[in-house]
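Engineer: Here is what each chain is made of, one letter per residue.
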Amino acid sequence: MAVIAAEDRALARLGPRAQLGAFVQHPVLRAGLKAALTILIATTLTFALVRLLPGNPVDLRIDELTKDGAMTYEQAREQVAALYAIELDVPLPQQYLSYVWNVLRGDLGHSFLSSTTSVTSIILAVLPWTLFAVGTGLLLSFVVGIGLGLLAAYRRGSLLDRAVSTGGSIVSSIPNYLIAILMVLVLGVQLRAVPITQMRGAYSPGIQPGFTLDFVGDVLFHAALPITVFFLTHVGHWILSMRSATLATLEDDHVVAARARGLTDMRITTAYVGRNAVLPLVSQLAISVGFIVGGAVLIEQIFVYQGVGKRLLTAVASRDYPVMQGILLLTTVAVVVANLAADLLYTRLDPRIGRSA
Amino acid sequence: MSGIATTLRAIARTPAGLLGLVGVGGFIALAYLVPLIVPLQNAVDVANLYRPPSFAHPFGTDFQGRDVLNQIVYGGRDILNIAFLAAFFSTAIAVAFGSLAATVGGRADAAILAVADVVLTVPHLIVLIVVAAIFRPDGVLFIALLLASLQWAGLLRQIRAQTLSLKEREYVEAARALDLGLFHVIFREMLPNMASYVAIHFIFAMTAAVYAQVGLIVLGLVPLSGANWGVMLYLAQSQGAIYFSDSFWYVLSPILAIVLFQLSLVALASGLEDVFNPRLRTA
Numbered sequence: 001m002a003v004i005a006a007e008d009r010a011l012a013r014l015g016p017r018a019q020l021g022a023f024v025q026h027p028v029l030r031a032g033l034k035a036a037l038t039i040l041i042a043t044t045l046t047f048a049l050v051r052l053l054p055g056n057p058v059d060l061r062i063d064e065l066t067k068d069g070a071m072t073y074e075q076a077r078e079q080v081a082a083l084y085a086i087e088l089d090v091p092l093p094q095q096y097l098s099y100v101w102n103v104l105r106g107d108l109g110h111s112f113l114s115s116t117t118s119v120t121s122i123i124l125a126v127l128p129w130t131l132f133a134v135g136t137g138l139l140l141s142f143v144v145g146i147g148l149g150l151l152a153a154y155r156r157g158s159l160l161d162r163a164v165s166t167g168g169s170i171v172s173s174i175p176n177y178l179i180a181i182l183m184v185l186v187l188g189v190q191l192r193a194v195p196i197t198q199m200r201g202a203y204s205p206g207i208q209p210g211f212t213l214d215f216v217g218d219v220l221f222h223a224a225l226p227i228t229v230f231f232l233t234h235v236g237h238w239i240l241s242m243r244s245a246t247l248a249t250l251e252d253d254h255v256v257a258a259r260a261r262g263l264t265d266m267r268i269t270t271a272y273v274g275r276n277a278v279l280p281l282v283s284q285l286a287i288s289v290g291f292i293v294g295g296a297v298l299i300e301q302i303f304v305y306q307g308v309g310k311r312l313l314t315a316v317a318s319r320d321y322p323v324m325q326g327i328l329l330l331t332t333v334a335v336v337v338a339n340l341a342a343d344l345l346y347t348r349l350d351p352r353i354g355r356s357a
Numbered sequence: 001m002s003g004i005a006t007t008l009r010a011i012a013r014t015p016a017g018l019l020g021l022v023g024v025g026g027f028i029a030l031a032y033l034v035p036l037i038v039p040l041q042n043a044v045d046v047a048n049l050y051r052p053p054s055f056a057h058p059f060g061t062d063f064q065g066r067d068v069l070n071q072i073v074y075g076g077r078d079i080l081n082i083a084f085l086a087a088f089f090s091t092a093i094a095v096a097f098g099s100l101a102a103t104v105g106g107r108a109d110a111a112i113l114a115v116a117d118v119v120l121t122v123p124h125l126i127v128l129i130v131v132a133a134i135f136r137p138d139g140v141l142f143i144a145l146l147l148a149s150l151q152w153a154g155l156l157r158q159i160r161a162q163t164l165s166l167k168e169r170e171y172v173e174a175a176r177a178l179d180l181g182l183f184h185v186i187f188r189e190m191l192p193n194m195a196s197y198v199a200i201h202f203i204f205a206m207t208a209a210v211y212a213q214v215g216l217i218v219l220g221l222v223p224l225s226g227a228n229w230g231v232m233l234y235l236a237q238s239q240g241a242i243y244f245s246d247s248f249w250y251v252l253s254p255i256l257a258i259v260l261f262q263l264s265l266v267a268l269a270s271g272l273e274d275v276f277n278p279r280l281r282t283a
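If you read the protein sequences in the order shown, they are chains A and B. Per our numbering, the first sequence starts with residue 1, numbered consecutively. Per our numbering, the second sequence starts with residue 1, numbered consecutively.
Just so you know, these hints were derived from the structure itself, not from any lab. Think of the CB as a built atom: it goes at the ideal place given N, C-alpha and C, for glycine as much as any other residue. It is possible that some hints are incorrect.
[To be verified] Taking beta-carbon pairs under 10 Å as the criterion, some of the chain A residues facing chain B (in silico):
#	residue
1	49
2	82
3	176
4	178
5	321
6	335
Build the full structure now, drawing on both the sequences and the hints.
Structural biologist: Structure (structure tokens):
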């Protein structure tokens with residue numbers, strides 16, 4: 001605290017212009033500005049995709065509605081405008097501004113298929129399932145990967161090290177959807193070890209949702225396959241990263257000094273090696289959390305699991321552009337927020353970063 | 001030319017590199033050379049639907065009684081073409097703009113980095129799905145360009161960082177002092193020193209392109225015609241063949257082809273890493 005107080009005083013001695021400069025240079029503020037800018041650019045690109053590019057869905061939809069004379073051009077425009085929460089009559093820059101304003105308020109328009117259902121409510125209905133399944137898989141892979149990576153680094157060159165490292169890099173280079181198809185093919189159909197058709201959906205049809213043992217068990221049963229695939233495709237990355245981070249840390253001076261001081265192996269492994277090696281991985285984990293929302297499209301499709309990805313594909317199949325646009329925005333914002341969190345977390349975990357920036 | 005031969009020989013000396021060379025070479029031969037010798041078998045044979053492997057059909061037959069191995073042979077070219085082109089475009093963008101950003105600096109540098117940051121942030125598969133749903137890309141070149149437009153950002157940042165450090169070296173300073181021009185400094189002085197780096201990333205860009213394009217094809221979003229490993233999986237998925245025990249070999253074959261191709265690429269990249277970065281071997 002004393003250090004910060006001294007910095008504040010030093011800041012007060014500078015002129016107002018320099019103070020503003022120092023303020024903008026502040027790492028937390030810079031990270032926040034960057035995140036806001038990225039979201040703005042992503043929103044703009046989405047707008048361009050839907051509204052501006054040739055063959056964009058707004059023009060297509062108006063053409064469709066007016067083609068067989070069912071609607072006049074004005075009626076069609078009105079309906080499309082309501083669907084996208086865009087005013088088509090005002091000039092483009094103004095359309096853009098009102099669109100951005102609507103997005104900021106969380107109004108993403110309405111589904112093509114039912115004009116009373118808002119895109120936000122559609123996303124909120126499927127989001128928890130994706131967060132649960134993919135998040136569990138990611139966390140499991142992180143914990144197991146960290147453990148195995150640390151072990152492999154300590155037993156460098158051993159059979160265990162070679163098995164874990166090679167296995168990790170092989171599994172992580174197989175596309176995750178192929179692992180999913182293979183599981184259906186081998187475990188579900190050939191061996192009949194897993195009842196894949198019963199495991200479809202987020203939970204079984206007749207069961208009452210609530211915090212009962214039955215319901216939680218049922219949810220886990222339905223999410224088991226997506227979780228397993230996610231675990232398998234991510235664990236290799238964590239093993240390899242943790243292994244190389246540990247190897248680098250093992251040669252650090254402070255570890256050598258700790259050994260020289262005669263500390264126990266257990267204490268060196270946990271407090272001196274593990275903690276430092278896991279540091280960069282924690283911020284990687286925070287970034288990965290952002291990709292949870294959008295990271296499971298094909299897996300959800302193959303296992304018929306009602307998450308965000310499956311919903312996106314349903315929207316694609318029925319050309320429901322407002323829903324597609326909403327999911328694209330949501331997934332991007334999730335990554336930006338996670339990146340911001342990772343930046344902040346890292347400056348907290350490793351004070352050197354904050355000071356040098 | 002002799003430089004490449006020396007490098008290949010060095011790669012073949014590491015076990016992973018040898019596997020990678022043989023694998024990638026094998027797939028290139030399978031996709032581009034074997035179709036010249038083996039005729040396409042497209043005749044429907046209703047009497048032999050979903051046959052298990054036999055002497056006549058080493059990988060069985062498909063839902064129309066056609067030979068699966070024949071489809072694997074003919075189904076690789078599009079996948080390899082797209083992977084190669086996408087990797088080529090994304091590497092070209094990354095190298096050109098990454099080295100430019102680092103050498104020019106200032107506003108141009110900041111602008112290029114900002115664009116790269118946005119591209120790194122958006123979830124690629126979701127963007128690809130939405131863009132493919134709107135524009136229905138067909139044709140190898142269009143798909144490759146679409147994939148490349150999202151893939152260049154990671155490599156660009158690394159090329160930029162490498163260039164920044166190379167910029168300070170004496171031989172680069174000498175070239176600048178001689179006023180040899182930006183083009184000469186970037187392409188004749190700095191790039192050759194990043195060649196190994198670029199080569200490794202080129203291979204990883206190929207694996208990413210295979211992942212993304214097969215994903216899009218399996219979802220039915222890129223209407224590629226004819227036999228193709230991804231199209232085989234798309235048909236298997238959309239016709240429910242993956243839930244059908246007789247069609248096991250038909251579904252397994254394209255999966256094996258894709259997985260083996262990916263593993264060969266990764267092995268080749270790891271062989272390259274061993275050759276160019278011998279310190280990694282001991283670390």
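Engineer: Of the numbered hints stated earlier in the document, which are not met by this structure?
Structural biologist: Hint 2 is the one this structure does not satisfy, whereas the remaining hints hold.
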